[in-house]
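A.B. asks: Add chain B to chain A, keeping to what the hints say.
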Amino acid sequence: MRIPCPYCGSRDASEFSYSGDATLTRPAPENTEAMFHYVYLRDNPVGVHREYWYHAAGCHAWLKVTRNVSTHEVIDAVLAHDEAAS
Amino acid sequence: MLDLAHISAFAELRSIGDGRGVIARERRGIAIATVMARKGQGAALAAAVKEQFDINLPRGPHGSGSDATSFLGTGPGRWLVTHDAGTPRFVVSLAQQLDGLASVVDQSDGVGLLRLTGPALLDVLAKGVAVDLSAAAFPAGSVAVTQIAHMGVTLWKVDEAPTFHIAVARSMAGSFLHWLEASAGMTGLAAE
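Residue numbers (this note's numbering), protein chains in the order written: chain A, 65 to 150; chain B, 2 to 193.
These aren't lab readings, by the way, just hints derived from the structure by calculation.
On a predicted model such as this, the values are computed, not experimentally measured, just so you know.
Just to be clear, a hint being listed does not mean it is correct.
[Stated by the list, open to error] To spell it out: a stretch of chain A is covered by chain B in this simulated footprint if at least three of its residues, at any positions, have a beta carbon under 8 Å from a beta carbon of chain B; those stretches are: (1) 66-73; (2) 120-134.
[To be verified] Residues from chain A that keep clear of chain B, each with C-beta distances beyond 10 Å, as calculated: (3) S78; (4) Y82; (5) L88; (6) P93; (7) Y102; (8) I139.
[Said to hold, decoys possible] Not everything, but these chain A residues come out facing chain B in the computed CB check (under 8 Å): (9) D76; (10) E79; (11) V110; (12) H145.
Glycine included, every Cβ here is placed at the ideal spot set by N, Cα and C.
So that you can see chain A by itself, here it is in the shape it has in the complex (with noise of 0.2 Å):
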């Protein structure tokens, strides 16, 4: 599987560390209730998610992946941090 980064260009995935599932948004810590699930219980979605990925061995960007976990074919890639301050 290869990563389309968007500062690096295709990559191979060895480079990058998977760093969790990007639709969720982290809940306020004192909702006790909602941190459990945030943090313990995880969806097993097939199909089309969007991911996290750390490119870790190269421009050390975190990019928010749209992948097909059925197939591993990577859609779309953007910098979070892009993303985040738009």
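C.D. replies: Okay, now just chain B, sitting in the frame of chain A:
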């Protein structure tokens, strides 16, 4: 009194095998620094670099400048700066020039630099680099931060000979030479 001698990162670079498939030379005495833009200061940093060095700060994985002073894009808001013109305390003055705009960290003794060229260079690099380094995909001026045999490297192409410069953490220099010797031995590694 202990006598301390300065030993460069690739002091053990030596020729291997017959032939000159890869020609390697260590770039010694280079001032090296990482520069990271402070939050919201990207435009001001680019203006300061233009004013101080007459260099257009690259926004992607490319190098700007010359061997004397170059800024290499290594990530969003991050650059590797090399200076080969012997200015005393270059990194200290760079940090002062960019004060408030970027964080500057001296890497001069932390990173080893090699200059690699030779007719077999691309074939040898292909044994370790999972990036397309062909002339069409990776023209002179391109920069790649990647890994070779699990070791982090920053490599950039300086001309179409092709000649590459490669930066490796000093603590990995011995292991990197092992990889280079094993990979280039077949066509000959000539140390200069």
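A.B. asks: Give a verdict on every hint.
C.D. replies: Evaluation of the provided hints:
no. : hint    : result
1   : 66-73   : holds (count 3)
2   : 120-134 : holds (count 5)
3   : S78     : 8 Å, violated
4   : Y82     : 17 Å, holds
5   : L88     : 24 Å, holds
6   : P93     : 24 Å, holds
7   : Y102    : 27 Å, holds
8   : I139    : 21 Å, holds
9   : D76     : 5 Å, holds
10  : E79     : 7 Å, holds
11  : V110    : 29 Å, violated
12  : H145    : 7 Å, holds
When each numbered hint is compared with the structure, violations occur for hints 3, 11.
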